[in-house]
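Enquirer: Chains L and Y, in that order, are what the protein sequence lines are.
Mapping the first sequence onto our numbering, position 27 (from 1) lands on 27, and the numbers just tick up by one.
Mapping the second sequence onto our numbering, position 213 (from 1) lands on 213, and the numbers just tick up by one.
In short, the hints are calculated from the structure, not lab data.
Mixed in with the good hints there might be a few duds.
[To be verified] Not everything, but these chain Y residues come out facing chain L in the computed CB check (under 10 Å):
id	residue
1	E21
2	L132
3	L154
4	A158
5	L222
6	Q226
[As the list claims (entries may be wrong)] Sample of chain Y residues lacking proximity to chain L, with all beta carbon distances greater than 10 Å (derived):
id	residue
7	D2
8	R24
9	L27
10	M70
11	F91
12	P127
13	L135
14	A136
15	G138
16	A139
17	G183
18	V193
19	M194
20	E195
Here a beta-carbon is modelled for each residue, glycine too, at the ideal position from N, C-alpha and C.
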Amino acid sequence: MKPRTAPVLEVRNLRVVRGGAVILDVPEFSLAAGEVVAVIGPNGAGKTTMLSAILGLQKSFMDGVVVRGGLKFPGTPPHLYRRGFSMVFQDSLLFNTTLYDNVASGLRIRGLSRREIGRIVSEQLERFGIAALSGRKAQSLSGGEAQRASLARAFATAPEILLLDEPFASLDTPAREAILDDLEKVLSGSRTAVILVTHDRVETLRLADSIMVLDKGKILQRGPTIDVLRRPGSEFVASFAGTETVVAGKVVRSGGGVVVVSASGVEIEAAGEAHRGQRVALCIRPENIVIATGSRARTSARNAFTGRIVRLLPMPHYYKAVIDCGFPLVAYITQHSMEEMGLREGGRVHASFKATSVHLIKKEH
Amino acid sequence: MDLIVNGIKEAFRLIITLDAEVMRVTLLSLQISGSATLISLVIGVSAGTAVALSEFPGKRLVVSVINTGMGLPPVVVGLFVTIFIWRNGPFGFLGILYTPAAMVLAQSIIATPIVTGISFAAMQHLPDKLRLQILALGATRAQMVWMLMREARLPLLAAVMAGFGGVISEIGASMMVGGNIKGHTRVLTTATVMETSRGNFDIAIALAIILLMLTFAVNYILTSIQQKDGR
């Protein structure tokens with residue numbers, strides 16, 4: 001997490017209403033220089049609307065105020081207000097001209113001298129590893145090159161705030177990884193604040209200092225990345241934060257910092273406090289599950305279950321095992337472990353996890 | 001067959017010898033149709049862009065009217081322009097009937113909906129988010145419109161070709177408002193009709209070939225620009 005400084009962006013009572021429906025309702029949020037916030041949420045949650053409202057592109061439909069670098073919107077000529085921003089979309093949206101001219105476009109809009117433009121464009125092309133393609137037509141670039149060009153164009157104007165709307169979603173994995181590497185480097189030494197709309201947890205983990213979870217136009221939770229991922233505030237947030245196992249239950253005993261919850265006919269222990277009878281949801285992250293085969297070994301983990309593997313799904317870097325322990329428990333296993341233990345669908349395994357790795361969400365009703 | 005062969009021979013003779021009358025008619029055709037195309041470009045590209053970039057009630061109706069205008073019959077345009085600029089008409093005081101100015105006016109009215117329609121389609125065809133991208137780069141509204149027009153320059157060139165093609169080859173309006181006066185309002189199309197009606201097929205074929213070559217030359221130049229830029 002980068003050190004906090006004065007906010008470069010402040011949003012106050014931002015509401016977007018279209019056709020009588022509230023699309024976005026954000027009472028308050030701010031962004032510090034150099035801070036990277038990932039906005040996650042389902043399709044239609046209002047993520048892109050929030051970016052366009054912040055950029056002043058929803059003027060006819062919005063209430064509230066956005067302050068960027070001391071300039072209020074509404075209240076400042078839109079183009080002057082927007083000149084502290086840059087935006088990169090999922091499609092690179094390059095102009096039908098050379099790569100050089102594309103990167104230069106924002107600078108030409110600002111009326112910079114030819115010499116100054118040349119210096120900045122060369123710098124950005126180098127920075128994103130596309131200097132050799134400078135004279136190429138944008139339409140002849142590959143997806144990865146085009147998105148690098150789009151990022152170079154965005155950074156050329158030295159924005160205070162960079163808005164990224166799923167910028168890597170249409171790229172193949174190698175291109176995405178390479179751009180993420182470069183962007184991570186660029187951002188690490190930058191004071192540019194970033195709002196990143198993404199569906200991808202890898203992007204979130206690599207780039208974001210904090211996460212904002214949006215649904216139906218409202219912020220459900222905002223906090224440091226690790227906090228939101230480990231301690232989601234609701235089952236909905238948990239599902240978007242990568243918590244594969246969410247079990248609903250009722251507290252049957254509580255004391256000594258441990259809560260025993262009855263769920264789906266089994267008892268699960270979780271670290272925390274809750275009164276007896278309290279309805280809760282238990283969130284168990286898949287990377288916290290330990291799988292064992294053979295005779296049940298003794299373990300310090302407070303939760304140990306024997307179950308049957310009902311699904312084994314290959315993922316990019318590991319396998320996802322769904323184990324029926326009375327409730328469906330999801331665990332991640334490396335291919336090496338899977339082969340060594342001879343895991344297969346239908347096979348019996350022992351699954352264990354610590355009480356401290358269970359996150360407790362207290363339900364209202 | 002001899003008629004055609006003689007016509008072609010005569011055409012080349014007239015062109016090679018730079019026949020004064022043919023050159024005058026050709027130049028006047030270029031001037032009138034060129035001016036009309038230019039006027040229609042200014043009005044048509046602006047109107048097409050404005051309609052494409054704005055949302056307003058009745059937009060569909062406006063677009064339908066523009067599309068209908070793309071097929072405006074030149075004789076109908078000729079008729080109404082004649083009525084309006086007739087001695088006793090509402091604009092009779094301008095005294096432009098049977099002048100090149102009247103022909104430019106009529107041809108502009110024919111070409112403008114063509115250019116507007118194609119410009120509208122060209123701007124409409126650009127990705128929606130491109131507009132947002134340009135605004136996000138900090139552009140003013142005028143800069144945004146200019147940049148979008150630059151993006152749509154290839155189809156806009158098609159609008160120029162269609163507009164010019166539409167007016168250089170029309171006859172009805174030019175004949176009605178220009179009167180085919182020798183040395184004053186006689187253009188390639190009206191001269192071709194007159195020579196045909198007189199039975200001077202060789203000269204008529206010569207004029208027709210010149211008209212075809214002229215149209216081809218203009219379109220070739222514009223197509224070359226379009227293709228070079230599109231690569």
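Enquirer: Are any of the numbered hints broken by this structure? If so, which, sorted upward?
Expert: The structure conflicts with hints 1, 4, 5, 6, 12, 13, 14, 15, 16, although it agrees with all the remaining ones.
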